[in-house]
Amino acid sequence: MRDRKAATREHLLICAQQLVASAGFSGLQMQQLANHAGVATGTLYRYFPAKEQLAAEVFKRATRIEVAQVAQALTVSAAAPAQIAHALNVFAQRALRAPTLAWALIAEPVEAAVDQQRLQFRQQYAELFATSIQRGIDNQQLPAQNAQLSSTAIVGAIAEALIGPLAQVSRHTEANTPQPSTTVVDDIVQFCLRGLLAAPYSTATTHRLIQENADD
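Its first residue numbered 1, the sequence shown is counted upward by one per residue in my numbering.
Please note that a few of the clues may not be correct.
To be verified - No farther apart than 20 Å at their CA atoms in a straight line, the calculated lysine to any residue pairs in the SDA-like style are these:
id : residue 1 : residue 2
1  : K60       : P109
2  : K51       : A40
3  : K60       : Q145
4  : K60       : G156
5  : K60       : Y45
6  : K60       : A6
7  : K5        : F48
8  : K5        : S26
9  : K60       : R9
10 : K51       : Q18
11 : K51       : Q32
12 : K60       : T100
13 : K60       : S26
14 : K60       : A107
15 : K60       : Q140
16 : K51       : R61
17 : K51       : Q124
18 : K60       : E111
19 : K51       : V39
20 : K60       : Q29
21 : K60       : M1
22 : K60       : Q18
23 : K5        : V39
24 : K60       : V76
25 : K5        : M30
As the list claims (entries may be wrong) - Between beta-carbon pairs, the in silico distance windows are:
id : residue 1 : residue 2 : range
26 : N146      : L119      : 15 to 23 Å
27 : Q190      : I65       : 22 to 30 Å
28 : P49       : A107      : 23 to 31 Å
29 : R64       : Q211      : 48 to 56 Å
30 : R46       : G156      : 37 to 45 Å
Read the hints as simulated data drawn from the structure, not as lab findings.
Since the model is a prediction, treat every value here as computed from it, not as a measurement.
Backbone N, C-alpha and C define an ideal beta-carbon position, used for all residues, glycine too.
When you get a sec, could you build the whole thing from the sequences and use the hints?
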């Protein structure tokens, strides 16, 4: 009985993720999901009493897959900068291959329960990159920096930078025309790596310039 219930729940989540991949969380409707999954609406509500709960579970299921892909990419045998670049490339390329799902996971306006999951998984991504950044610092492959802060910054940067390209890819896909060049992925990765590899900028210089402008 437990196995059958678990299988049914997983089937419902797979079907729900398919709907989100095609139309985002706004396209996830309980009646439509019941029809898509081939179950009665009452059966669906026994497993997920509210749409918000269902959406949060779909988000967790889909994002766990993406986090696992990034974690795997960060295990490649390479110096820290190459390792991080590879993982960022994997993240971005997978997003562009499934633009509607990626938009839903990264930026679509969602209910509070889903948004909470989004914050938690961003932290998971940041923890993964922080480990690689700290390893690079320890091995003198990256300049000294706050690994946790840097990792949070690059996760935010790649997520925000992908919003425009994801919308562009979606439009091209709907129009059945060639997708835009994926050199955008290289540009995003280069931006993140420059942030990790750049020499420290003197905050004293910044304060001096601010003071000079204030004096003028």
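Hint-by-hint comparison with the structure:
1. K60 x P109: 16 Å, holds
2. K51 x A40: Measuring from Cα to Cα gives roughly 15 Å; hence the hint holds.
3. K60 x Q145: Outside the cut-off at roughly 31 Å; violated.
4. K60 x G156: Within the cut-off at roughly 19 Å; holds.
5. K60 x Y45: 19 Å, holds
6. K60 x A6: Holds, because 16 Å separates the two Cα atoms, which is no more than 20 Å.
7. K5 x F48: 12 Å, holds
8. K5 x S26: 27 Å, violated
9. K60 x R9: 14 Å, holds
10. K51 x Q18: Cα-Cα ~15 Å, so holds.
11. K51 x Q32: Holds - the C-alpha atoms of Q32 and K51 are around 12 Å apart, at most 20 Å.
12. K60 x T100: 16 Å, holds
13. K60 x S26: Answer holds: K60 to S26 is near 17 Å, not above 20 Å.
14. K60 x A107: 15 Å, holds
15. K60 x Q140: With a Cα-Cα distance of about 36 Å, the restraint between K60 and Q140 is violated, given a limit of 20 Å.
16. K51 x R61: 15 Å, holds
17. K51 x Q124: Roughly 25 Å separates the two Cα atoms, so the pair is violated.
18. K60 x E111: 14 Å, holds
19. K51 x V39: Holds, at about 16 Å.
20. K60 x Q29: 18 Å, holds
21. K60 x M1: Outside the cut-off at roughly 24 Å; violated.
22. K60 x Q18: 14 Å, holds
23. K5 x V39: Holds, because 13 Å separates the two Cα atoms, which is no more than 20 Å.
24. K60 x V76: 25 Å, violated
25. K5 x M30: 19 Å, holds
26. N146 x L119: 15 to 23 Å: 20 Å, holds
27. Q190 x I65: 22 to 30 Å: 26 Å, holds
28. P49 x A107: 23 to 31 Å: 27 Å, holds
29. R64 x Q211: 48 to 56 Å: Distance hint for R64, Q211 holds at roughly 49 Å.
30. R46 x G156: 37 to 45 Å: 38 Å Cβ-Cβ, so the 37 to 45 Å window holds.
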